[in-house]
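Asks: As given, the protein sequences belong to chains A and B, one line each in that order. Note that this note's numbering gives residue 114 to position 114 of the first sequence, counting from 1, and the numbers run on in steps of one. For any residue, its number in this note's numbering is found by taking its place in the second sequence, counting from 1, and adding 1000.
Keep in mind that the hints were calculated from the coordinates and are not lab data. There could be a bad hint or two in this list.
Below 30 angstroms or equal to it, Euclidean Cα-Cα: the simulated DSS-like pairs (lysine-lysine) are [as the list claims (entries may be wrong)]: (1) B:1096 - A:12; (2) A:8 - B:1010; (3) B:1010 - A:5; (4) B:1283 - A:7; (5) B:1101 - A:263; (6) A:105 - B:1287; (7) A:105 - B:1061; (8) B:1010 - A:193; (9) A:105 - A:263; (10) B:1287 - B:1105; (11) B:1287 - A:263; (12) B:1105 - A:7; (13) A:66 - B:1236; (14) B:1096 - A:193; (15) A:105 - B:1285; (16) A:105 - B:1010; (17) B:1096 - A:8; (18) A:55 - A:66; (19) B:1283 - A:263; (20) A:12 - A:263; (21) A:5 - B:1061; (22) A:193 - B:1101; (23) A:8 - B:1105; (24) B:1287 - A:50; (25) B:1105 - A:5; (26) B:1061 - B:1236; (27) A:66 - A:50; (28) B:1010 - A:12; (29) B:1101 - A:12; (30) A:7 - B:1061; (31) B:1105 - A:193.
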Amino acid sequence: MEAYKAKKTIGKIIFYIAVAAICLVIIFPLYFVFISSFKNMADVYVMPPKLIGFKPVFAHYEYIFKTQNYGTYIVNSAVVGIFSTLFALVLGLPAAYAINRNGMKNSLLGILVARLLPPMSFLLPFYFIFSELGMVDTYGALILSHMVLSVPLIVWLMEGFIAGIPRELDEAATIDGCTRQRCFGSIILPMCKSGMATSTILSFLGSWNNFQFALILSGPRTRTLPVTLQYFVSGADIRWGRMLAATIVVIIPAIVVTLLLQKNIVSGMTAGAVKG
Amino acid sequence: MNDWISDHYKWVFVAPALIFMVLMIVVPIVMTLAFSLTDWNLLTGRAPSFNGLANYIEILKSPDFWHSFGITFYYTFLAIAMELVAGVLLAVLINKDFRGKGVVKTIILLPYMMAPVAVGMMWMLFYEPTSGFMNWLFTTIGLPRSGFTSARGSVIPSLAFVEFWQMTPMVVIVCMAGLAALPEDCMEAAVVDGATPIQTFFRVKLPMLLPTIFSIGLLRFVDVFKSFDLIYAMTKGGPANASRTLNIYAYEEAFSYYKFGLSSSILTVVFIIVLAISFATMKLKNKVVEV
Chain A
1 MEAYKAKKTI
11 GKIIFYIAVA
21 AICLVIIFPL
31 YFVFISSFKN
41 MADVYVMPPK
51 LIGFKPVFAH
61 YEYIFKTQNY
71 GTYIVNSAVV
81 GIFSTLFALV
91 LGLPAAYAIN
101 RNGMKNSLLG
111 ILVARLLPPM
121 SFLLPFYFIF
131 SELGMVDTYG
141 ALILSHMVLS
151 VPLIVWLMEG
161 FIAGIPRELD
171 EAATIDGCTR
181 QRCFGSIILP
191 MCKSGMATST
201 ILSFLGSWNN
211 FQFALILSGP
221 RTRTLPVTLQ
231 YFVSGADIRW
241 GRMLAATIVV
251 IIPAIVVTLL
261 LQKNIVSGMT
271 AGAVKG
Chain B
1001 MNDWISDHYK
1011 WVFVAPALIF
1021 MVLMIVVPIV
1031 MTLAFSLTDW
1041 NLLTGRAPSF
1051 NGLANYIEIL
1061 KSPDFWHSFG
1071 ITFYYTFLAI
1081 AMELVAGVLL
1091 AVLINKDFRG
1101 KGVVKTIILL
1111 PYMMAPVAVG
1121 MMWMLFYEPT
1131 SGFMNWLFTT
1141 IGLPRSGFTS
1151 ARGSVIPSLA
1161 FVEFWQMTPM
1171 VVIVCMAGLA
1181 ALPEDCMEAA
1191 VVDGATPIQT
1201 FFRVKLPMLL
1211 PTIFSIGLLR
1221 FVDVFKSFDL
1231 IYAMTKGGPA
1241 NASRTLNIYA
1251 YEEAFSYYKF
1261 GLSSSILTVV
1271 FIIVLAISFA
1281 TMKLKNKVVE
1291 V
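Please model the entire structure based on the sequences and the hints provided.
Replies: Below you can see the structure in the form of structure tokens.
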């Protein structure tokens, strides 16, 4: 019995060491980048690195906000993220409902095939069309292009969440003379609030993090945050402090959202993957 | 009016999304296919003219294309192998009740939620060849110094490692959901029969998790094979084209050399490869899972 207990304790210790090691592999780089964004150029290169007790410098943040218009870039990213998510919800929610209730499984297969396409293969025509229409470097082009990713995502996720709501509810409502649109608006939607929250988060972050579309379709007026990061690299010379400060600005929302809404994100990720 | 919508809600509800998707995905895809059959080059200033399969013949003959082709598979294989092995092990490790599980799950999720470009920039700092953290770590533990992303030989493994660092969380989360769905009695039966944890893992958990591993492996393949953000942010395909995957190659042909026709044909080939491998994986999955 004693031996068994000892073995169990040792097992537990090993387990916690392993878990701690894994967390360290993830947390350390984030912490390292975070503190490096408060160090001056020379200190970034001091090895072994000073992890605590150095004098923080705020000059990099001052620089990116005062000289580099990071305020504007944040607004650009937020506008594109909010509106592309909003419009994608308007298009995607009713579609997900009708697809689920009518068993239109082929449309889901279509979404799956669309996922196999390299994004570049619709970006090239977008670039062509939007430059013909004079829409390159407008919010419209960015919002529309980000919706190409978020509409399928929302339909895919919401179809799964709506499938969890019993059909008997719709039937009862329609027999009582309720129209389908009212049934959808006042019965179904209120019942899948957490699914909607999940779709909204994943869609917004997808847009916030998007680089490829904004790289081609944005311009000086609509530049979004991820695109700006590359401008700190010119040849071999990298302004580390400034770039890392900008990197922190880009990743902060993702970190905050993850800390607050881990459960929703996990449910969205599993709903998205298991169905495939 | 209300009744009409209600009676035909099936189409009224789907139509907006469907029209949007057709306009924004199907039409561009058809355009890409059409472009790929022309000699369209913005720099010549001539109107594009139809040239049949000439682009496809040109890329299939070009050593640059085959170089990128090989690199893309090398990168994809390395990243996915690491992600699947580590992801499954991690999922099995933390798939039990322990104090702080929620916190650990949140931490594991963090890299996945961040912009790939930002993650790339972070790792550029670690990979900095002269005085970066990784080389300091390597010399401290007695490993030889490396050029990481700035040397031709190490650039692909270095990039694949970042992809691995960022995307393993997805494998972990999905495998944990797969594990949670497994019937408990199998695991209990194995333990009662005196199976060691290692035996339980290889003989019981792994085979039962196989369908999940196939699904997530396929999803990861689709994403990694088309990976753009991370590679573009960290190396732009360099040094000396050593990390120019097919997607980066297509981007360069289109937006550095303005050969829209040629670029379209590369993209079409990428799509065909992804489609073929996805299809083969699904077939293989059905075969393996049935047995």
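Asks: So, for every hint listed, does it hold in this structure?
Replies: Against the structure, the hints:
1. B:1096 - A:12: At roughly 12 angstroms apart (the allowed maximum being 30 angstroms), residue 12 of chain A and residue 1096 of chain B satisfy the hint.
2. A:8 - B:1010: Not satisfied, since the Cα-Cα distance of roughly 58 angstroms exceeds 30 angstroms.
3. B:1010 - A:5: violated (62 angstroms)
4. B:1283 - A:7: violated (45 angstroms)
5. B:1101 - A:263: holds (12 angstroms)
6. A:105 - B:1287: holds (23 angstroms)
7. A:105 - B:1061: Distance of about 41 angstroms is beyond 30 angstroms: violated.
8. B:1010 - A:193: OK: residue 1010 of chain B and residue 193 of chain A at ~22 angstroms, within 30 angstroms.
9. A:105 - A:263: Holds. Residue 105 of chain A to residue 263 of chain A sits at ~27 angstroms (cutoff 30 angstroms).
10. B:1287 - B:1105: violated (33 angstroms)
11. B:1287 - A:263: violated (34 angstroms)
12. B:1105 - A:7: Distance of about 26 angstroms is within 30 angstroms: holds.
13. A:66 - B:1236: holds (29 angstroms)
14. B:1096 - A:193: Holds, because 29 angstroms separates the two Cα atoms, which is no more than 30 angstroms.
15. A:105 - B:1285: holds (20 angstroms)
16. A:105 - B:1010: holds (13 angstroms)
17. B:1096 - A:8: Cα-Cα ~15 angstroms, so holds.
18. A:55 - A:66: holds (22 angstroms)
19. B:1283 - A:263: violated (33 angstroms)
20. A:12 - A:263: holds (26 angstroms)
21. A:5 - B:1061: violated (67 angstroms)
22. A:193 - B:1101: holds (25 angstroms)
23. A:8 - B:1105: holds (24 angstroms)
24. B:1287 - A:50: With a Cα-Cα distance of about 54 angstroms, the restraint between residue 1287 of chain B and residue 50 of chain A is violated, given a limit of 30 angstroms.
25. B:1105 - A:5: Within the cut-off at roughly 28 angstroms; holds.
26. B:1061 - B:1236: Since the Cα atoms of residue 1061 of chain B and residue 1236 of chain B sit roughly 24 angstroms apart, the hinted pair holds (cutoff 30 angstroms).
27. A:66 - A:50: At roughly 28 angstroms apart (the allowed maximum being 30 angstroms), residue 50 of chain A and residue 66 of chain A satisfy the hint.
28. B:1010 - A:12: This hinted pair is violated, its Cα atoms lying about 55 angstroms apart.
29. B:1101 - A:12: This hinted pair holds, its Cα atoms lying about 14 angstroms apart.
30. A:7 - B:1061: Violated. Residue 7 of chain A to residue 1061 of chain B sits at ~63 angstroms, over the 30 angstroms cutoff.
31. B:1105 - A:193: holds (23 angstroms)
In this structure, the earlier hints numbered 2, 3, 4, 7, 10, 11, 19, 21, 24, 28, 30 are contradicted, and the remaining ones agree with it.
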